[in-house]
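**Student:** Full structure from sequences and hints, please.
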Amino acid sequence: MKERLRSSYKHLMTGVSYFLPFVVAGGVLLSFAFLFDAANSGGEDFGAGNPVSAWLLTIGGYAFDFMLPILAGFIAYSMADRPGILPGMMAGLLAREEDAGFIGAIIGAVAAGFLVRLLKWVSKNWSRSLSGVKNIVLFPVVGTLLAAAAMIPLNLVIGPFNAWMNGLLEGLSGASLVLIGAVIGGMLAADMGGPINKTAYLFAVASLTATDGSATATVIMGTAAVSGMSISTICAVASTIYRRRFSQDLRDAGKAAYVMGASYIAEGAIPFVIAKPRAVLPSIIVGAATAGALAGAFGITMSAPIGGVFTMPLASNIPLYLLSFVIGVAVGVALLGILLRLTEGSAVAKGEAERERNPSAAASESRSS
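Be aware that the sequence shown starts at 1, since it is given in the UniProt record's numbering, and climbs by one per residue.
Don't read these hints as lab results, they were simulated from the structure.
Calculated cross-link-like contacts (lysine-lysine; reagent style BS3-like; alpha-carbon spacing at most 27 Å):
1. 10 / 120
2. 198 / 255
3. 198 / 10
4. 10 / 124
5. 134 / 124
6. 120 / 134
Note that the structure is predicted; figures quoted are calculated from it, not measured.
**Tutor:** The structure is reproduced here in structure tokens:
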């Protein structure tokens with residue numbers, strides 16, 4: 001059972017790894033479109049008020065159009081190798097066009113992968129002279145037809161389910177959004193790019209693509225965007241404020257973590273968690289949860305399926321977006337300072353005693369820091 005779950009996670013993460021560049025590129029291009037059209041803010045054609053912004057808006061939209069086909073295609077690829085790509089992409093495209101959205105694309109990709117595996121099994125004893133028929137006709141043509149046929153009942157079921165789920169998400173307010181924001185933020189920080197992080201992120205992205213695959217602004221994505229930025233940033237700020245608590249290597253990692261936090265990359269916190277897990281991990285979880293809860297309380301929405309400074313112009317309220325981020329980082333940094341003193345107090349005392357016994361080593365350590 002564990003092996004099957006591990007395999008399923010591997011297939012999903014393969015799709016996500018190919019899908020993310022389209023998310024990032026689309027989000028950044030849309031953000032630039034709105035930046036170049038700032039003078040038209042509030043207008044009906046905001047983002048397309050001049051030729052440059054309209055062009056960027058179009059290209060960013062095209063990048064988003066590829067998201068579900070690419071996700072599904074490479075999930076199927078992970079399951080069935082290259083013959084799975086076309087049937088999987090067709091399943092993702094049909095999921096987008098028939099309102100099955102993110103969930104439909106994933107289920108369709110799994111169906112396509114299994115169907116191509118079935119075709120491989122059926123044709124495994126064919127003579128080598130028919131290998132061209134398998135690669136040119138059987139897998140791409142028959143595989144695509146079978147995947148498309150499988151999407152007919154899937155879309156009939158998942159489409160209405162997505163519509164119901166979207167209505168449920170839109171109906172969330174007040175305490176519900178605060179709780180969801182806190183949970184998403186905490187999960188994003190829990191393992192920094194691992195399965196818990198990816199589960200929370202995919203849930204947030206699914207809220208954008210639940211109906212037609214397009215990037216519709218939601219508060220759930222807003223909470224993920226704000227809290228995801230805070231994770232690496234907490235470690236970066238802490239390495240600056242509490243310099244004496246961190247080695248030179250971690251202080252250098254902190255400089256990179258500023259950029260990674262601004263770019264919505266949680267992995268910038270990994271060196272700090274490895275070095276000081278008892279202090280850092282609870283701090284980034286609490287800080288990110290605080291940022292997410294505040295974003296939920298303020299009702300901040302985000303239309304891009306990624307956070308960071310490049311997509312910040314797509315937030316519904318930029319000042320409150322920044323306020324949630326700053327407070328979340330401040331809470332995380334303050335807690336980290338407290339936990340560093342609590343968890344390393346005995347170690348510091350031992351170090352001071354050792355320096356008293358060995359003044360030359362203390363002088364050498366002082367010069368290195």
